[in-house]
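Colleague: If you read the sequences in order, they're chains A and B.
With UniProt numbering applied, the first sequence corresponds to residues 1 to 183, in that order.
With UniProt numbering applied, the second sequence corresponds to residues 1 to 197, in that order.
The reader is advised that the hints may include incorrect statements.
[Unchecked claim] Listed next, the in silico BS3-like pairs over lysine-lysine satisfying Cα-Cα at most 25 Å (straight line): (1) A:Lys141 to B:Lys76; (2) A:Lys168 to B:Lys109; (3) B:Lys9 to A:Lys43; (4) B:Lys166 to A:Lys119; (5) A:Lys151 to B:Lys77; (6) A:Lys9 to B:Lys9; (7) B:Lys109 to A:Lys43; (8) A:Lys162 to B:Lys124; (9) A:Lys119 to B:Lys138; (10) A:Lys5 to B:Lys9; (11) B:Lys155 to A:Lys162; (12) B:Lys104 to A:Lys151; (13) A:Lys117 to B:Lys77; (14) A:Lys39 to B:Lys51; (15) B:Lys77 to A:Lys121; (16) B:Lys9 to A:Lys162; (17) B:Lys51 to A:Lys162; (18) B:Lys51 to B:Lys76; (19) A:Lys39 to B:Lys109; (20) B:Lys36 to A:Lys162; (21) B:Lys109 to A:Lys119.
Derived from the structure by calculation, the hints contain no laboratory data.
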Amino acid sequence: MAATKPLIKNGIFALVLVVIAVSFYYLTVWITPYYVQNKFAEKSLGLVNTPRFGDQPNAENSRVIPLPNPDFLYSTINYDLKDNILKISGIVPDSTYWSISAYQQNTTNYFVENEEKVKSKFEYYLAPEGSTNEVLKNIPKEKIIYSPTTKGLILFRYLVSKAYPVAKLAELQHGVTVEKLGK
Amino acid sequence: MALNQKIKKIGLGVALIILAIVFGSAVGVYNIKSGKSDSQRSIGNWQTVDKDKDLSSADLLTIAQVAVYGPYALTKKEVIYLSTSTDSEGNELDPKSDYTISGKKLDAKYWSITAYDENGFLIKNPINKYSYNLEDVKYEADSTSYKINLSGTEKTENWLPINDVKKISLIIRLYLPSEKLRDNLTVETLPTIQKIK
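Okay, chain A solo, but in the shape it has when bound (with noise of 0.2 Å):
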């Protein structure tokens, strides 16, 4: 009985190591997109909840985020709702694909949309989840998108194509605003 004391012992600690390694495993993935948002957020030049207007990318002017795609011209909003909620609205090209896409703070997408859907010009509330927030009382359902998280990114991407060259698009991309709008 004595001797199987220790063996006990040794067993719940070999035991209690797995699930520390277990544990770190699944931490360090998780983790790991929060990790990736923060280090963008701070390459924004601390620029929270204003949009920032890429120029087209190339070898030479992309190199923070992986796989740029040099067809488009991209902007970004970094966003962070602790104290405000967005409005965020520009104009859509008619002929090119245009989409706004939300990333929630772990990276992932959770809104977009596109050219064919929206027409013309666009206007969004962009809001944390479950805000019961006055200032989205008279607005309709399909103009908020609601954030899972207070952080995250807005992006969009206009396509250079040869109904809109760079500098027609550039246009475009400079004429979104982003309002604040008190919680």
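Model the placement of chain B on the given structure of chain A, informed by the hints.
Modeller: Showing chain B alone in chain A's frame:
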């Protein structure tokens, strides 16, 4: 003596706990770097998200891999991404070799084929050409087929340069693909990559 033994025991215990933490985290990093997950499927030499899965509902490992190697991807409803770092024979793409990428128009609102270096960035080249898409690829006489020359040396047509890189990967993007294409993503519908020399 007894105290010494106790300290040794505690020391060993702490060392083993640290080892478990390091081991668990290292396996996590290794699995993210491996690029392999349960949410992937292969179509010939092309890799894509499994038919019944999507990036928004993928497992933690896939989400982490996408975050590191291709963050801010869209879900399959909007785009289908296919990637490869091998030719159609399954051999790793060699930046010193020449390849022909042969395919046909893909039934999508927009499609493109882009070359990336070992870090997933665009490849610096003398003609500033990084991809071909439905609008700028030069088609064959049938107006449907195309041949893209993946090479480090200059070509007269459809040259996709791969200068001074250690590794190459290719990405096909299918934006708003037709239902027919979604259901028929097969080796026959996707481009082939043949080594020329």
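Colleague: Would you check the hint for B:Lys104 and A:Lys151, treating anything up to 25 Å between C-alpha atoms as holding?
Modeller: Status violated; Cα separation ~42 Å.
Colleague: Next pair to validate is B:Lys9 with A:Lys43; report whether the Cα-Cα distance is within 25 Å.
Modeller: The hint is violated at about 46 Å.
Colleague: For the pair we were handed, A:Lys151 and B:Lys77, check the Cα-Cα distance against 25 Å.
Modeller: Holds, at about 24 Å.
Colleague: Verify the proposed pairing of B:Lys36 with A:Lys162, using a straight-line Cα cut of 25 Å.
Modeller: 38 Å, violated
Colleague: Do the alpha carbons of B:Lys51 and A:Lys162 lie within 25 Å of each other, as the hint requires?
Modeller: Judged against 25 Å, a Cα distance of about 33 Å means the pair is violated.
Colleague: Do the alpha carbons of A:Lys5 and B:Lys9 lie within 25 Å of each other, as the hint requires?
Modeller: 16 Å, holds
Colleague: Is the hinted pair A:Lys119 and B:Lys138 satisfied, with a Cα-Cα distance of at most 25 Å?
Modeller: Distance of about 31 Å is beyond 25 Å: violated.
Colleague: Would the hint linking A:Lys168 and B:Lys109 be met if the CA-CA limit is 25 Å?
Modeller: 20 Å, holds
Colleague: Straight-line Cα separation of A:Lys141 and B:Lys76 no greater than 25 Å?
Modeller: Cα-Cα ~24 Å, so holds.
Colleague: Check the hint pairing B:Lys155 with A:Lys162 against an upper bound of 25 Å on the C-alpha distance.
Modeller: 24 Å, holds
Colleague: Within 25 Å, alpha carbon to alpha carbon, are B:Lys109 and A:Lys43?
Modeller: Status violated; Cα separation ~32 Å.
Colleague: B:Lys9 and A:Lys162: Cα distance at most 25 Å?
Modeller: Cα-Cα ~72 Å, so violated.
Checked against the numbered hints listed earlier, the structure breaks hints 3, 4, 7, 9, 12, 14, 16, 17, 19, 20; every other hint is satisfied.
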